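**Q** Top line first, the protein sequences correspond to chains A and B.
Residue 97 in this note's numbering sits at position 97 of the first sequence, and the numbers go up by one each step.
Residue 185 in this note's numbering sits at position 185 of the second sequence, and the numbers go up by one each step.
Keep in mind that the hints were calculated from the coordinates and are not lab data.
Treat the hints with care, since some could be wrong.
Said to hold, decoys possible - Simulated crosslink set (DSSO-like; lysine-lysine; CA at most 27 Å straight-line):
1. B:K205 with A:K66
2. B:K472 with B:K395
3. B:K485 with B:K416
4. B:K463 with B:K419
5. A:K66 with B:K502
6. B:K205 with B:K226
7. B:K416 with B:K395
8. B:K106 with A:K66
What the hints assert, rightly or not - Some residues of chain B that are not near chain A, with every Cβ distance over 12 Å (derived):
9. K132
10. P169
11. I391
12. E439
13. I458
Small disclaimer: the values here were computed from a predicted structure and weren't measured.
Heads up, the beta-carbon is just placed ideally off N, CA and C, and yes, glycines get one too.
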Amino acid sequence: MSIDRETVDHVALLARLALTEKERERLREQMSSLLEHINLIAEADTSQVPATAHVLPLSNVMAEDKVVPSMPTADLLANAPAREETYFRVQAVLDEE
Amino acid sequence: MTTTATPETETMMTAISADYEVVIGLEVHSQLLTASKMFCRCPANYAHAAPNSHCCPICMGFPGVLPVINHQAVEYTIMTALALNCEIPEFSKFDRKNYFYPDLPKGYQISQYDIPLSRNGYLTFTLNGQEKRVGITRVHLEEDTGRLIHLSEGGDPRTLVDLNRAGVPLMEIVSEPDMRSPEEARLYMEKLRSILVYLGVSSGKMEEAALRCDANISVRQRGETKFGVKTEIKNMNSFRAVERALTYEARRQIEELQAGRRIVQATRGWVEERGITVLQRVKEDADDYRYFPEPDLPPLVVSRAWVAEIRERMPELPDAKRTRFVAQYGLSAYDADQLTADRAWADFFEQTLKIGQPYADDAAMQARAKAVANWELGDLRARLNTDAIDITANKITPESLAELITLIERGTISGKQAKEVLEKAYASGERPDAIVAREGISQLSDAGELEGIVEEVIAANPKAVEDYRAGKAASLQFLMGQVMKRSKGRARPDIVTPLLEKRLQQA
Numbered sequence: 001m002s003i004d005r006e007t008v009d010h011v012a013l014l015a016r017l018a019l020t021e022k023e024r025e026r027l028r029e030q031m032s033s034l035l036e037h038i039n040l041i042a043e044a045d046t047s048q049v050p051a052t053a054h055v056l057p058l059s060n061v062m063a064e065d066k067v068v069p070s071m072p073t074a075d076l077l078a079n080a081p082a083r084e085e086t087y088f089r090v091q092a093v094l095d096e097e
Numbered sequence: 001m002t003t004t005a006t007p008e009t010e011t012m013m014t015a016i017s018a019d020y021e022v023v024i025g026l027e028v029h030s031q032l033l034t035a036s037k038m039f040c041r042c043p044a045n046y047a048h049a050a051p052n053s054h055c056c057p058i059c060m061g062f063p064g065v066l067p068v069i070n071h072q073a074v075e076y077t078i079m080t081a082l083a084l085n086c087e088i089p090e091f092s093k094f095d096r097k098n099y100f101y102p103d104l105p106k107g108y109q110i111s112q113y114d115i116p117l118s119r120n121g122y123l124t125f126t127l128n129g130q131e132k133r134v135g136i137t138r139v140h141l142e143e144d145t146g147r148l149i150h151l152s153e154g155g156d157p158r159t160l161v162d163l164n165r166a167g168v169p170l171m172e173i174v175s176e177p178d179m180r181s182p183e184e185a186r187l188y189m190e191k192l193r194s195i196l197v198y199l200g201v202s203s204g205k206m207e208e209a210a211l212r213c214d215a216n217i218s219v220r221q222r223g224e225t226k227f228g229v230k231t232e233i234k235n236m237n238s239f240r241a242v243e244r245a246l247t248y249e250a251r252r253q254i255e256e257l258q259a260g261r262r263i264v265q266a267t268r269g270w271v272e273e274r275g276i277t278v279l280q281r282v283k284e285d286a287d288d289y290r291y292f293p294e295p296d297l298p299p300l301v302v303s304r305a306w307v308a309e310i311r312e313r314m315p316e317l318p319d320a321k322r323t324r325f326v327a328q329y330g331l332s333a334y335d336a337d338q339l340t341a342d343r344a345w346a347d348f349f350e351q352t353l354k355i356g357q358p359y360a361d362d363a364a365m366q367a368r369a370k371a372v373a374n375w376e377l378g379d380l381r382a383r384l385n386t387d388a389i390d391i392t393a394n395k396i397t398p399e400s401l402a403e404l405i406t407l408i409e410r411g412t413i414s415g416k417q418a419k420e421v422l423e424k425a426y427a428s429g430e431r432p433d434a435i436v437a438r439e440g441i442s443q444l445s446d447a448g449e450l451e452g453i454v455e456e457v458i459a460a461n462p463k464a465v466e467d468y469r470a471g472k473a474a475s476l477q478f479l480m481g482q483v484m485k486r487s488k489g490r491a492r493p494d495i496v497t498p499l500l501e502k503r504l505q506q507a
């Protein structure tokens with residue numbers, strides 16, 4: 001099974017990746033071979049195997065609903081590329097709400 | 001409290017229902033009233049908090065952090081699912097829903113995809129005296145996003161991000177497309193909100209977006225069995241907005257079809273001020289969210305013992321309370337319905353009634369119950385509605401109301417005087433006993449004095465007296481009114497009525 005350029009572009013858009021022409025072709029080839037490998041795995045008979053939700057044999061790891069202090073806002077904003085007052089500032093986006 | 005359809009929407013309804021059927025399903029999101037967030041222990045209540053003051057590396061999505069599920073949020077969701085008659089599978093898990101938007105710091109939302117905490121339930125409400133049942137597809141748990149502020153002043157368009165809300169527990173309740181009118185959608189929302197507030201899992205505040213409603217709506221010709229193309233409507237911030245927006249959208253879709261155009265599957269936003277829905281984005285394909293199991297969170301195994309334990313802790317729900325109010329207190333179905341729609345109103349009623357204990361017998365208790373219901377749903381509600389005040393925040397306490405009713409029952413003050421006392425107590429918070437004592441409010445019960453007034457009234461109103469004697473019973477009410485007027489509202493009606501009747505029978 002091979003992946004076409006359109007699929008590469010679609011996945012790149014979803015991941016917000018700007019790819020060069022060379023990268024597009026390289027990723028197209030790599031994604032194709034990844035899929036081939038997955039198709040190989042898919043041939044295994046798993047009809048008797050329950051679906052796996054998690055790789056560790058754990059369940060019900062939960063915490064009590066108790067507040068602990070948050071991080072100081074100054075620390076939180078320390079690495080932000082841009083801020084305004086105590087807000088993070090980003091490029092204007094269209095409000096979809 | 002229950003709202004009613006405005007004449008405006010009723011007119012629209014008639015226009016909708018001629019040849020087309022409306023099909024509506026709702027997706028409701030409710031923040032949960034937990035102390036901490038869904039996957040970290042930052043405070044969940046962000047009201048009045050400075051921007052980005054309730055955040056930590058976990059809800060900010062910093063690398064290398066480990067989220068941990070909030071136990072209380074899971075229990076609240078299971079409790080809601082039980083109240084909505086859902087199945088609770090023994091196994092559930094969380095998934096990542098991937099998309100990029102500045103309100104989502106991790107680049108994905110932790111949600112539940114194919115194995116939600118619950119599914120296959122239903123909710124019922126009353127429509128024109130008939131029970132309507134709406135299927136619940138699922139109730140699942142996820143996390144809220146941050147808040148964006150869009151600014152453009154100074155020729156500097158920019159978006160500011162406050163992540164206090166990011167990671168607050170959010171419960172999603174998805175209905176089947178079982179509703180057939182905007183009114184049904186509103187009634188569904190009202191009933192759902194009532195249940196959530198009863199359970200104590202949600203503030204139910206749509207105006208604060210703690211409770212949100214999105215709708216899928218389509219129309220089809222009557223008799224058609226296939227669904228039409230649907231649109232998704234967002235931004236409906238009140239019960240009234242739900243009904244208005246869906247009424248507008250149903251008519252819009254019908255007009256499109258009648259004009260020979262087709263409906264475009266899209267997300268549309270309700271613009272309250274303009275009373276219309278506007279196109280937000282066209283959905284050509286299903287969104288490509290690339291869900292996959294959340295590797296940071298081990299799955300949940302929901303034992304039957306746990307479910308039973310949660311069921312034990314569930315409070316009485318609106319339907320059960322309404323039935324009990326009719327059976328126990330002898331209230332009318334209407335009064336019971338009005339009192340139980342909102343848990344705070346039902347609690348106020350029962351607290352007021354309890355203060356009057358012990359009662360001589362059931363009849364005395366039920367008479368008191370009727371009086372409490374009348375005052376609470378009458379004068380008090382009118383006052384609260386006018387001033388838009390919450391019953392829990394008003395100055396009339398159950399103690400005050402019980403005291404007021406006792407003053408009437410004992411004959412110390414009349415019903416009319418009680419209305420004035422209520423007004424004063426409502427304004428100042430002073431207790432009725434104190435108001436009555438200070439202002440010397442009392443009823444006139446001295447038979448001699450009342451007879452004198454009756455004589456005066458009869459002498460002054462020969463026409464009414466004649467009418468009464470000629471068989472016009474209504475004249476008695478008029479004469480009673482005159483007695484009340486002359487006594488400045490102080491005459492005790494239960495003493496005046498027989499006096500008046502007796503005097504009228506004499507020539």
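**Q** Is the Cβ of B:I458 more than 12 Å away from each Cβ in chain A?
**A** 71 Å, holds
**Q** Does B:K485 pair with B:K416 here, judged by a C-alpha cut-off of 27 Å?
**A** Status holds; Cα separation ~12 Å.
**Q** Checking one constraint from the list: CA of A:K66 to CA of B:K502, max 27 Å. Satisfied?
**A** Violated. A:K66 to B:K502 sits at ~73 Å, over the 27 Å cutoff.
**Q** Grab the minimum beta-carbon distance between B:I391 and chain A and tell me whether it stays above 12 Å.
**A** Per Cβ check, B:I391 is outside 12 Å of chain A; nearest 28 Å; holds.
**Q** Over 12 Å to the closest beta carbon of chain A is the bar; see if B:P169 clears it.
**A** 9 Å, violated
**Q** When you check the alpha-carbon spacing of B:K463 and B:K419, does it fall within 27 Å?
**A** 32 Å, violated
**Q** Could you grab the alpha-carbon distance between B:K205 and B:K226 and see if it respects the 27 Å cut-off?
**A** 36 Å, violated
**Q** With the threshold set at 27 Å, check whether the alpha-carbon distance from B:K205 to A:K66 stays at or below it.
**A** 23 Å, holds
**Q** Checking a non-interface call: every C-beta of chain A should be farther than 12 Å from the C-beta of B:E439. Is that right?
**A** Holds, since 49 Å exceeds 12 Å.
**Q** Taking 27 Å as the top limit, are the C-alpha atoms of B:K472 and B:K395 close enough?
**A** Violated, because 44 Å separates the two Cα atoms, which is more than 27 Å.
**Q** Given the proposed pairing of B:K416 with B:K395, does the C-alpha separation stay at or below 27 Å?
**A** Distance of about 20 Å is within 27 Å: holds.
**Q** Is the Cβ of B:K132 farther than 12 Å from every Cβ of chain A?
**A** Label holds. Min Cβ-Cβ 31 Å, cutoff 12 Å.
Violated hints, listed in ascending order, are 2, 4, 5, 6 and 10; each of the other numbered hints is respected by the structure.
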